[in-house]
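Fit chain B to the given chain A structure using the hints.
Top line first, the protein sequences correspond to chains A and B.
Counting in numbering that gives the first Met the number 0, the first sequence runs from 0 upward without gaps.
Counting in numbering that gives the first Met the number 0, the second sequence runs from 0 upward without gaps.
By construction, these hints were calculated from the structure, which means they are not laboratory data.
Just to be clear, a hint being listed does not mean it is correct.
[What the hints assert, rightly or not] Here are the simulated DSS-like cross-link-like pairs (lysine-lysine), alpha carbons at most 27 Å apart as the crow flies:
hint: 1; chain 1: B; residue 1: Lys-332; chain 2: B; residue 2: Lys-296
hint: 2; chain 1: B; residue 1: Lys-119; chain 2: A; residue 2: Lys-71
hint: 3; chain 1: B; residue 1: Lys-97; chain 2: A; residue 2: Lys-155
hint: 4; chain 1: A; residue 1: Lys-108; chain 2: A; residue 2: Lys-71
hint: 5; chain 1: B; residue 1: Lys-220; chain 2: A; residue 2: Lys-262
hint: 6; chain 1: B; residue 1: Lys-307; chain 2: B; residue 2: Lys-292
hint: 7; chain 1: B; residue 1: Lys-119; chain 2: A; residue 2: Lys-167
hint: 8; chain 1: A; residue 1: Lys-167; chain 2: B; residue 2: Lys-292
hint: 9; chain 1: B; residue 1: Lys-296; chain 2: B; residue 2: Lys-274
hint: 10; chain 1: A; residue 1: Lys-167; chain 2: A; residue 2: Lys-155
hint: 11; chain 1: A; residue 1: Lys-167; chain 2: B; residue 2: Lys-307
[What the hints assert, rightly or not] Some chain A residues flagged as far from chain B (calculated, every beta-carbon gap over 10 Å):
hint: 12; residue: Thr-42
hint: 13; residue: Gln-61
hint: 14; residue: Gly-92
hint: 15; residue: Ser-100
hint: 16; residue: Glu-330
hint: 17; residue: Glu-388
[Stated by the list, open to error] Okay, the calculated beta carbon distance ranges per label pair:
hint: 18; chain 1: B; residue 1: Ser-202; chain 2: A; residue 2: Ser-107; range: 53 to 61 Å
hint: 19; chain 1: A; residue 1: Glu-112; chain 2: B; residue 2: Gly-124; range: 44 to 52 Å
hint: 20; chain 1: B; residue 1: Ser-237; chain 2: A; residue 2: Asp-270; range: 30 to 38 Å
hint: 21; chain 1: B; residue 1: Leu-331; chain 2: A; residue 2: Val-203; range: 58 to 66 Å
hint: 22; chain 1: A; residue 1: Glu-254; chain 2: B; residue 2: Gln-63; range: 47 to 55 Å
hint: 23; chain 1: B; residue 1: Ser-237; chain 2: A; residue 2: Ala-251; range: 22 to 30 Å
hint: 24; chain 1: A; residue 1: Ala-406; chain 2: B; residue 2: Lys-274; range: 50 to 58 Å
hint: 25; chain 1: A; residue 1: Ala-331; chain 2: B; residue 2: Gly-190; range: 15 to 23 Å
Keep in mind that this is a model prediction, so the values were computed, not measured.
Even glycine gets a Cβ: it sits at the ideal position worked out from N, Cα and C.
So you can see what is in the structure, the chains are spelled out below.
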Amino acid sequence: MFKQSITNSFILLSAAALSMASCDTKSKEPTTLTTVEAPETYTFTRDGKSTVSFSGQTDRIQMSEELTAAMKANGGATETSLLEMFRNQKADGSDASPFTSESLNSSSKSIKEKVAASKDYYSSNTTESAAIKKQLEDWVKAQATDVFPNWQVLAKSGVAGQIADGDKTRYVSGSGFEYNQLVGKGLIGSLMLDQIANNYLSAVVLDEGTNRTDNENGVVGEGKNYTNMEHKWDEAYGYVFGNSPNPENPLANIEADDDFLNKYLRSVDGDSDFAGIAKEVFDAFKLGRAAIVAGDYELRDQQANIIRERLSKVVGIRAVYYLQKGKEQIEAGNRTGAFHSLSEGVGFTLSLRFTRNPATNSPYLPSQEILAFVEALTKGNGFWEVSPELLGQMSGRIASQFGFTEAQVTN
Amino acid sequence: MIPCCLVLLILAHFGCDSGTDKLPDSKESFDRRAMLQHWADQIIIPSYEHYNSKVTVLHVSTDQFTSSPSIENLMALRTAWKEAYLAWQWVSMYEIGKAEAINFRNFTNIFPTNTEGITKNIKSGNYNLELPSKFAEQGLPALDYLINGLGKDDQVVVNILGSVDYANYLTDLTSRLSNLSNEVLSDWKGGFRDRYIENSGSSGTSSVDKTVNDFMYDYEKFLRAGKIGIPAGVFSGSPIPKAVEARFSPGFSKELFLENLKASQDFFNGIAFGKDGEGVSLKSYLDHLGTEKDGAKLSDLINGQFDKSRETSGLVDSDFAKQVHQDNTQMLKLYDELQKNVILIKVDMMQALNIAVDYVDADGD
Numbered sequence: 000m001f002k003q004s005i006t007n008s009f010i011l012l013s014a015a016a017l018s019m020a021s022c023d024t025k026s027k028e029p030t031t032l033t034t035v036e037a038p039e040t041y042t043f044t045r046d047g048k049s050t051v052s053f054s055g056q057t058d059r060i061q062m063s064e065e066l067t068a069a070m071k072a073n074g075g076a077t078e079t080s081l082l083e084m085f086r087n088q089k090a091d092g093s094d095a096s097p098f099t100s101e102s103l104n105s106s107s108k109s110i111k112e113k114v115a116a117s118k119d120y121y122s123s124n125t126t127e128s129a130a131i132k133k134q135l136e137d138w139v140k141a142q143a144t145d146v147f148p149n150w151q152v153l154a155k156s157g158v159a160g161q162i163a164d165g166d167k168t169r170y171v172s173g174s175g176f177e178y179n180q181l182v183g184k185g186l187i188g189s190l191m192l193d194q195i196a197n198n199y200l201s202a203v204v205l206d207e208g209t210n211r212t213d214n215e216n217g218v219v220g221e222g223k224n225y226t227n228m229e230h231k232w233d234e235a236y237g238y239v240f241g242n243s244p245n246p247e248n249p250l251a252n253i254e255a256d257d258d259f260l261n262k263y264l265r266s267v268d269g270d271s272d273f274a275g276i277a278k279e280v281f282d283a284f285k286l287g288r289a290a291i292v293a294g295d296y297e298l299r300d301q302q303a304n305i306i307r308e309r310l311s312k313v314v315g316i317r318a319v320y321y322l323q324k325g326k327e328q329i330e331a332g333n334r335t336g337a338f339h340s341l342s343e344g345v346g347f348t349l350s351l352r353f354t355r356n357p358a359t360n361s362p363y364l365p366s367q368e369i370l371a372f373v374e375a376l377t378k379g380n381g382f383w384e385v386s387p388e389l390l391g392q393m394s395g396r397i398a399s400q401f402g403f404t405e406a407q408v409t410n
Numbered sequence: 000m001i002p003c004c005l006v007l008l009i010l011a012h013f014g015c016d017s018g019t020d021k022l023p024d025s026k027e028s029f030d031r032r033a034m035l036q037h038w039a040d041q042i043i044i045p046s047y048e049h050y051n052s053k054v055t056v057l058h059v060s061t062d063q064f065t066s067s068p069s070i071e072n073l074m075a076l077r078t079a080w081k082e083a084y085l086a087w088q089w090v091s092m093y094e095i096g097k098a099e100a101i102n103f104r105n106f107t108n109i110f111p112t113n114t115e116g117i118t119k120n121i122k123s124g125n126y127n128l129e130l131p132s133k134f135a136e137q138g139l140p141a142l143d144y145l146i147n148g149l150g151k152d153d154q155v156v157v158n159i160l161g162s163v164d165y166a167n168y169l170t171d172l173t174s175r176l177s178n179l180s181n182e183v184l185s186d187w188k189g190g191f192r193d194r195y196i197e198n199s200g201s202s203g204t205s206s207v208d209k210t211v212n213d214f215m216y217d218y219e220k221f222l223r224a225g226k227i228g229i230p231a232g233v234f235s236g237s238p239i240p241k242a243v244e245a246r247f248s249p250g251f252s253k254e255l256f257l258e259n260l261k262a263s264q265d266f267f268n269g270i271a272f273g274k275d276g277e278g279v280s281l282k283s284y285l286d287h288l289g290t291e292k293d294g295a296k297l298s299d300l301i302n303g304q305f306d307k308s309r310e311t312s313g314l315v316d317s318d319f320a321k322q323v324h325q326d327n328t329q330m331l332k333l334y335d336e337l338q339k340n341v342i343l344i345k346v347d348m349m350q351a352l353n354i355a356v357d358y359v360d361a362d363g364d
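In isolation and in its complexed conformation, chain A is listed as follows (with noise of 0.2 Å):
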């Protein structure tokens, strides 16, 4: 199912050490290794117990999946319950309870505290911070306030409401966005991979204060069985992978996990000019979090490094998809059976501002003309009126950036 890719080194050490089924560290047993093994799952352990945890990652999953289908189902959701899914807090700061599940209900994540947060990216940026959060609340404000009332209503340029997309109907703003969309493609970058390329895989948060002698030591946190420097590994894992009932060998089952990462990591690995990209990252998950274990911190940050550039490239590739198609359909006279795509792509784009470039350590296009892109894509009277030869423009600038082409993209 999965093809080799043979662009990495590592898949050798990876073979080698098929016939490993786990990574045991004993805790008070240095182990020296010459050659890192990655094991064959995602598999750690410490006294024969496992040191892989990332709740709170699977919590903020599950999260953007009740907002997002909140958004679209309108079922009773209101502007407040709404902000307070994303924010898991009433407006006064005081506790709320606005997910069906109960264990969501008791956590103390958010979504909100995690988008556009990331050490590398945004801790001396609160402004731009406090920006991009309230932009996703403007979204999934609009969706109660503009689209739900006008329900039952036929949109038009100016007017919330229906459309028809084959024979499916969508929802959209008064210029034609699709807010569920929005948001949901704009968490991907916002929260998602920002958390993991900008802050879990980054170096300066690996090895934080003692993080790098604790590890040595094997030194777990109060009352866990994790090193630190384990953990917050585990937590870009859980990202991309958190959701799985199987979360030690996700890409057994061919579903996706979630509508976020997984999806489409996965939809990128079934497109034959990339294919192997989605087991690329999950190798390179585990020979970093095997390279911790073994105190090869090179080792951990060159996988650092090959994940932030496959999932970014998963992102950049779902944004040019999503504009092109957008483009093919208003060029064939479809204009309103563009909004689902154009939607999609305005959430992809966003989310290209949390992509992270490991030549360049910053975002494959330049923040401000990323911004810009959103800008130009959503002004006016949005959908309704935008150019085909602008997202033309838009998807060959991204694609060269990343350098693939237009074509691999939409085959």
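This is chain B only, laid out in the frame that chain A set:
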């Protein structure tokens, strides 16, 4: 009018040795414009005129029934509905131009119909049938429910359907079908026909490309999947008898299937509507190009599969829902035969004609 290049090829052909190879023809030498004209004037417009007249009769029958609800008028209404539904099978595939712009097929034939939604609409008296969210609450399948599905006893149906709220809804549905049909037919006769024929190039938005894609889409999604595959559980794992077309008229689903199959095959062979004899068509286009597969003419293989599907359907009960219950294997066999033509048409034929498939499965939400 024969294009000059075609004349040269004809002359050159006579100059060749008899025997094996055909002359290498480029697809540009085939007169696409003539094919479009034949399609428009001999197939598409006559098919729409036929459907339009049937749907007008349907609306008139509705008026007769609502002004005087009786079993006799219910029978007439049922007959009119069946005729309209059969006529629909001849136009379903031409979702181009005005039909495409107004979502003609989605407003006419989305099934299974949403019986709860229909009942809600009738009780509240408040509904906007122009909304996409109401696709499954109107059209021929919704009429099936109202005319055939309100009760086992015909007098019960007459009583319910004759009551004010139901009668209003019934009238709204048939007048809407009539209006939509008029709109599409008027557009064809009022300028679209000329534009359709003139757009005889070979780009993705050309008339030939769009029509062939529509033909393929209808075959795949409505004939193969909608009528057979979905009820037989091919995509869901377990059969869904309720998903058959004309669910409330046991026995009618097979008639509709055979009509759709004939319409599809006749279009392939360029048969003028209501007549025999082949005209310029996809078949003649493929033959012109000398397209073969596994040593046989591709057009023969495609026609062969149409015939095989028809033959295989002989083993299927006229009541598809009953067949699905009793012996789904026969439905699956029919599906498999239909599926073979998907390969021949969607892959082999479209490749030979250099037409790209313009539809993909929608991205899951």
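Do the Cβ positions of Glu-254 of chain A and Gln-63 of chain B conform to the proposed distance bound of 47 to 55 Å?
Given about 53 Å between the Cβ atoms, the range holds.
Please settle this one: Gln-61 of chain A was flagged as non-interface, so is its CB more than 10 Å from every CB on chain B?
The claim stands: Gln-61 of chain A keeps its Cβ more than 10 Å from every Cβ of chain B (closest is about 17 Å).
Given the hint of 30 to 38 Å, is the C-beta distance from Ser-237 of chain B to Asp-270 of chain A inside that range or not?
Holds, at about 31 Å.
Going straight from one Cα to the other, do Lys-167 of chain A and Lys-155 of chain A come out at no more than 27 Å?
The given pair, whose Cα atoms are some 17 Å apart, holds under the 27 Å limit.
Using the C-beta atoms of Ala-406 of chain A and Lys-274 of chain B, is the stated range 50 to 58 Å upheld?
For Lys-274 of chain B against Ala-406 of chain A, whose Cβ atoms are near 45 Å apart, the range 50 to 58 Å is violated.
For the pair Leu-331 of chain B and Val-203 of chain A, does the Cβ-Cβ distance stay inside 58 to 66 Å?
Holds, since Leu-331 of chain B and Val-203 of chain A (Cβ atoms, about 59 Å apart) stay within the stated range.
Hey, Lys-119 of chain B versus Lys-167 of chain A, does the alpha-carbon distance stay inside 27 Å?
The hint holds at about 20 Å.
Using the beta carbons of Ser-202 of chain B and Ser-107 of chain A, state whether their distance is inside 53 to 61 Å or not.
57 Å, holds
With 10 Å as the threshold, tell me whether Gly-92 of chain A passes as away from chain B on beta-carbon distances.
At about 33 Å from chain B, Gly-92 of chain A clears the 10 Å cut-off, so the statement holds.
Run the C-beta distances from Glu-388 of chain A to all of chain B and say if the shortest one exceeds 10 Å.
17 Å, holds
Range agreement (Cβ of Gly-124 of chain B with Cβ of Glu-112 of chain A, hint 44 to 52 Å):
48 Å, holds
Measure nothing beyond the straight line between the CA atoms of Lys-307 of chain B and Lys-292 of chain B; if it is 27 Å or shorter, mark the hint as holding.
18 Å, holds
Hint violations for this structure: numbers 8, 11, 16, 24, all remaining hints satisfied.
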